[in-house]
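Enquirer: With the hints as extra help, turn the sequences into a complete structure.
Each chain, written out:
4 protein chains.
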Amino acid sequence: MKISKEKMILLLGKEKNYVVKPILFSCEYGTFDLRKLVGKNFGIKIKIGKEEFTVVKPNIIDLLRKAKRGPQVILPKDSALITSITGCSPDWKVVDAGTGSGFLALFLANIGCKVYSYEKSKEFYEIAKKNMKNFNLDINIKNYDIIKGIREKNVDLITLDMKNPEKVVKHAFKALKGGGWVVIYSMHIEEVKKVYNELKKYDFVDIKILENIQREWQTIKQFTRPKTYMLAHTGFLTFARKF
Amino acid sequence: MKISKEKMILLLGKEKNYVVKPILFSCEYGTFDLRKLVGKNFGIKIKIGKEEFTVVKPNIIDLLRKAKRGPQVILPKDSALITSITGCSPDWKVVDAGTGSGFLALFLANIGCKVYSYEKSKEFYEIAKKNMKNFNLDINIKNYDIIKGIREKNVDLITLDMKNPEKVVKHAFKALKGGGWVVIYSMHIEEVKKVYNELKKYDFVDIKILENIQREWQTIKQFTRPKTYMLAHTGFLTFARKF
Amino acid sequence: MKISKEKMILLLGKEKNYVVKPILFSCEYGTFDLRKLVGKNFGIKIKIGKEEFTVVKPNIIDLLRKAKRGPQVILPKDSALITSITGCSPDWKVVDAGTGSGFLALFLANIGCKVYSYEKSKEFYEIAKKNMKNFNLDINIKNYDIIKGIREKNVDLITLDMKNPEKVVKHAFKALKGGGWVVIYSMHIEEVKKVYNELKKYDFVDIKILENIQREWQTIKQFTRPKTYMLAHTGFLTFARKF
Amino acid sequence: MKISKEKMILLLGKEKNYVVKPILFSCEYGTFDLRKLVGKNFGIKIKIGKEEFTVVKPNIIDLLRKAKRGPQVILPKDSALITSITGCSPDWKVVDAGTGSGFLALFLANIGCKVYSYEKSKEFYEIAKKNMKNFNLDINIKNYDIIKGIREKNVDLITLDMKNPEKVVKHAFKALKGGGWVVIYSMHIEEVKKVYNELKKYDFVDIKILENIQREWQTIKQFTRPKTYMLAHTGFLTFARKF
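Residue numbers (numbering that gives the first Met the number 0), protein chains in the order written: chain A, 0 to 242; chain B, 0 to 242; chain C, 0 to 242; chain D, 0 to 242.
Treat the hints loosely; a few may be bogus.
Identical copies go unnamed one by one, so any copy, or any two together, can satisfy a pair.
Stated by the list, open to error - Taking lysine-lysine pairs in the PhoX-like style, the calculated list, with each CA pair at most 20 angstroms apart, reads:
| id | residue 1 | residue 2 |
| --- | --- | --- |
| 1 | K199 | K220 |
| 2 | K226 | K193 |
| 3 | K76 | K226 |
| 4 | K162 | K193 |
| 5 | K207 | K15 |
| 6 | K132 | K65 |
| 7 | K207 | K76 |
| 8 | K162 | K121 |
| 9 | K56 | K176 |
| 10 | K176 | K1 |
| 11 | K176 | K39 |
| 12 | K200 | K176 |
| 13 | K147 | K119 |
For the record, the hints were derived by calculation from the structure and aren't laboratory data.
Expert: As structure tokens, this is what we get:
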């Protein structure tokens, strides 16, 4: 696969990585005219100053690290939890709200889902649009408040990361196909409860509340232990499946 | 989408679920001739005895629950962790070994990866083949010991869940493209260390060791707390990226 | 120290332990007349059938394992958390309610605290009394509802494991000395919040909410990993210190 | 209880705490001549500038926060875990090595144990001595390498936080009474294994490896969730009981 002048490249280094377009590029190691790389194959190595880099086609995780962050984002670890419970796959029709910085929409679009994303804030909508342009992923993003209704029908998966998701539950129930999932991301227990109580009013089954904790380990000079500090909390995910 | 006589269906109930082919079906609630459903649309409701079910096209997680388990399996939570670190997507070429019951290969194929899976045991190879047939996912499975070598080139992701994965590291390094990932699943710290030390001999970057913990919560009569017991350990995942 | 006929002994075995009085004793290994041991020194070894046991003076943890359990108990791991935050020591005056099975009162009395324990239920009060008799620990237990008031003054530590602990906060504030601690054990988040909000109305400082998680590891044939299952939740502990 | 000129006092504030002797004291809020407090009762309130403080007799946790830290310390959460498994109580004879900054020795002495602490480094021995003087706790600390032998007999508990604790196992087995515990604190899995394998050579029972994780919660404006970051690792504790 060849490097194009429109698309992002990853400079994979031993200490640092950079995600950039093929421009005249400067970093702490020196300067390199990345425009020379256009038309060449990914995988070649370059030197910036004394530091060597492999030029790689960036994947979704590389790109997300570079993405603009407006509101709080859903981390890949939590996006992945959604795939592990719902089993979403490339042919799925997904409704997502609020878009926020678009991290979850991008993650799901990246595994081939057809994503319709609702964002009521004009400002976040613009940030998400910019992020999506850099990803070459086809997401249908709308500057619209999902509390007013969901236009899509026969939806496989609805993901909600927004204030008052409980106000969307009735729309979600209607828009989902039988066996389809709604997933709500909440930072606080009180939000979990509010949406949980609303879900119980409809014909949902398999309701469950999960949190996902990643613990990192290190091996230094043959001594192995968990890293000293860890992220203790991102959010709770509430899952429910339409009967 | 219509129900076909060849493919599995999910009977989604309020208490229990069943994944079956459309046959004359009996369960604790009674008997139902599912053959009558062939040609109808998914989403219809049926009654078996007094119990109502929605007939749903099963997703990968539904199918995995039904899959035959020979050797120990990689759970969806750990498969999903792999997607969240490597960013794998539908166009990826993936090499997987040992296949085992095929859970990881199926999970990755389900999000569109082109998976080549190696299993040296004839017995496990047959179990995995049967599982794959029920999934309609195109996986290239071979009854071959990956320690002897990897035939694929320019690979995006290599996943190893097998004894002595450290013996595959040199093959993996050669088969991967620049920026490609190798991921090793290990139950024990000693195995993590052995493969970690081997990885350090090659030009890999971003080496990290993670474990993934899922904690489930419950809300009963307006009282919220974590469930009393949890799965404390499945395995450690070691990630490394080819420079 | 000598074995007496009044006090419990621990038979420490390689597979099983027993906490009993020196009686004619039968277990799966056989029968032994423990009365012969009275007057001998702790530490001697006996054989019951083919199984060897060391006769040991039981400690608080041994005794708690044997104690009668009426209502839910506070486990030693959570009792210990209380000592690690409050720094309680042998000279402390402690008020405890509700006594329940008496586990926390016994744990604190065992490290020398002078404990006054309130239990409004006659039934639990009797269970706790029996437990305490077997421990030779001097605890002042009363069959009285602490919601009606605390009689002690100048208290170092007040521990509450009961319904509606928020109704005791005002009494606790009055009974505590400056710098003294109140600690509330709650199973559910909703209870934590209720008492937390009440604590905020008084001059308490250093308010914090903690949970304590113990993860056990195993080494089998030189392979090391966490045990597969763990206790995921016992309770939340809310701490506050009187200004 | 009265304030004396020799002993530490805790100034408990709403934002900050100070542990000091009754001297002419300055802090960010202003200056106060604490010598005026000598002979008065604990519990009185003073103002330093505009900030109010309660004058409190400091407990072990307050004092440890102020203690000098030379080598890495055992935190109260791990010290408390030791009490919750071994059930140690005021009458216990405890051998501790290496003393380090003395945190564990002080914690155990504070609940009334008679502690004999071994520290081979002259430098750490001096730090620990200073800490102990400020605590008014009677600890027998020796500048001696425990690998050369343990002088005490009939010991209830031996705690090891040192390099090569496996070299002390044979001494520990001899010094312990039947039913007594040895506990080893290790940062790394490799150290756990080495000492575990040594323990297996002797007649120890109830061998177990634990780690203790504290998760803190917060309630802000009626919204409750775990704090974002947490301490992910301090050490592993290996327990074994002499048969």
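Enquirer: Now look at each hint and say whether the structure bears it out.
Expert: Evaluation of the provided hints:
{"no.": "1", "hint": "K199 - K220", "result": "between (53 angstroms within a copy, 12 angstroms between copies)"}
{"no.": "2", "hint": "K226 - K193", "result": "between (35 angstroms within a copy, 19 angstroms between copies)"}
{"no.": "3", "hint": "K76 - K226", "result": "both (18 angstroms within a copy, 18 angstroms between copies)"}
{"no.": "4", "hint": "K162 - K193", "result": "within (11 angstroms within a copy, 24 angstroms between copies)"}
{"no.": "5", "hint": "K207 - K15", "result": "between (39 angstroms within a copy, 15 angstroms between copies)"}
{"no.": "6", "hint": "K132 - K65", "result": "within (13 angstroms within a copy, 40 angstroms between copies)"}
{"no.": "7", "hint": "K207 - K76", "result": "both (18 angstroms within a copy, 15 angstroms between copies)"}
{"no.": "8", "hint": "K162 - K121", "result": "within (16 angstroms within a copy, 48 angstroms between copies)"}
{"no.": "9", "hint": "K56 - K176", "result": "between (36 angstroms within a copy, 10 angstroms between copies)"}
{"no.": "10", "hint": "K176 - K1", "result": "between (41 angstroms within a copy, 13 angstroms between copies)"}
{"no.": "11", "hint": "K176 - K39", "result": "between (46 angstroms within a copy, 15 angstroms between copies)"}
{"no.": "12", "hint": "K200 - K176", "result": "within (18 angstroms within a copy, 49 angstroms between copies)"}
{"no.": "13", "hint": "K147 - K119", "result": "within (10 angstroms within a copy, 53 angstroms between copies)"}
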